[in-house]
Amino acid sequence: MLIMHYNAAKKGRNTNFVGGLLSAYAQTGNYKLIQKAEEIAQLLLPAFNTPTGIPNGLINPKTGRGRTYDWTIDDSANLAEFGTLHLDFKYLSDITGNPIYREKVEIVRKVMRDIPKPNGLYFNYLNTITGKWVENDVSLGASGDSFYEYLLKAYIHSGKEGLEAKEMYVAAMKAIDKWMIRESRGGLLYVSDMKIQILDQKMGHLACFSGGMFALGSQNLPNSSAVRHLYIGKGFTNT
Numbered sequence: 002m003l004i005m006h007y008n009a010a011k012k013g014r015n016t017n018f019v020g021g022l023l024s025a026y027a028q029t030g031n032y033k034l035i036q037k038a039e040e041i042a043q044l045l046l047p048a049f050n051t052p053t054g055i056p057n058g059l060i061n062p063k064t065g066r067g068r069t070y071d072w073t074i075d076d077s078a079n080l081a082e083f084g085t086l087h088l089d090f091k092y093l094s095d096i097t098g099n100p101i102y103r104e105k106v107e108i109v110r111k112v113m114r115d116i117p118k119p120n121g122l123y124f125n126y127l128n129t130i131t132g133k134w135v136e137n138d139v140s141l142g143a144s145g146d147s148f149y150e151y152l153l154k155a156y157i158h159s160g161k162e163g164l165e166a167k168e169m170y171v172a173a174m175k176a177i178d179k180w181m182i183r184e185s186r187g188g189l190l191y192v193s194d195m196k197i198q199i200l201d202q203k204m205g206h207l208a209c210f211s212g213g214m215f216a217l218g219s220q221n222l223p224n225s226s227a228v229r230h231l232y233i234g235k236g237f238t239n240t
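Per my numbering, the sequence shown starts with residue 2, numbered consecutively.
Calculated directly from the structure, the hints in this document are not laboratory data.
Owing to the predicted nature of the structure, the values given are computational and were not obtained by experimental measurement.
Watch out, some of these pointers could steer you wrong.
[What the hints assert, rightly or not] The calculated lysine-lysine pairs, modelled on DSS-like cross-linking and capped at a C-alpha distance of 25 Å, are:
hint: 1; residue 1: Lys-175; residue 2: Lys-203
hint: 2; residue 1: Lys-175; residue 2: Lys-161
hint: 3; residue 1: Lys-63; residue 2: Lys-111
hint: 4; residue 1: Lys-203; residue 2: Lys-235
hint: 5; residue 1: Lys-161; residue 2: Lys-133
Go ahead and model the full structure; you've got the sequences and the hints to work with.
Dropping the structure here:
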């Protein structure tokens with residue numbers, strides 16, 4: 002839960018609380034849900050007060066002070082956390098008329114769009130001060146997962162007008178397909194984590210959602226991507 006200490010991690014709390022409240026509002030039209038979602042989002046805003054605009058992983062709602070996790074290296078933030086805020090914050094701006102939420106996540110999007118991506122891949126951790134990658138681990142599971150999922154969902158939510166999100170998603174999946182998706186000797190399709198450019202040859206539990214993600218993409222992307230994405234989605238789900 003969101004409490005007044007340094008354990009209000011952004012992605013989990015934002016997706017569970019802000020995203021959940023906004024989803025409930027979209028279903029019911031109850032404006033009180035928007036008010037509560039904005040109240041929580043306001044508590045999270047100070048996390049974005051970093052030199053790069055990439056938010057810290059933890060925020061103390063009482064003091065407004067943010068910091069990164071103790072176990073991360075060099076003031077780094079987690080891709081799956083800071084990269085998953087776009088959809089919820091943009092929608093919150095759309096329905097409240099307050100642009101601040103959209104502005105915050107558009108800065109994050111710009112950083113991710115412009116940052117050098119070796120072999121087209123996004124690494125799992127980014128330094129919030131320098132804006133440079135920390136280590137070079139890549140994953141469609143833990144620490145990466147929902148960043149990719151929400152690029153696709155942001156594109157769909159925009160009425161397929163958010164071409165930046167689509168282009169980033171398609172390019173990322175193309176790179177992951179080339180470098181990280183493999184087929185076992187028994188014919189099972191899987192996606193492996195990559196550490197220091199070496200595949201660890203196992204599919205993490207948190208990557209299991211990606212079968213559905215690829216299937217969803219196949220129904221919403223150009224034909225040039227759709228056939229391959231549906232094949233991958235079916236393969237992962239079968240595995």
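Query raised in the report: Which hint numbers doesn't this structure obey?
Result: The structure conflicts with hints 3, 5, although it agrees with all the remaining ones.
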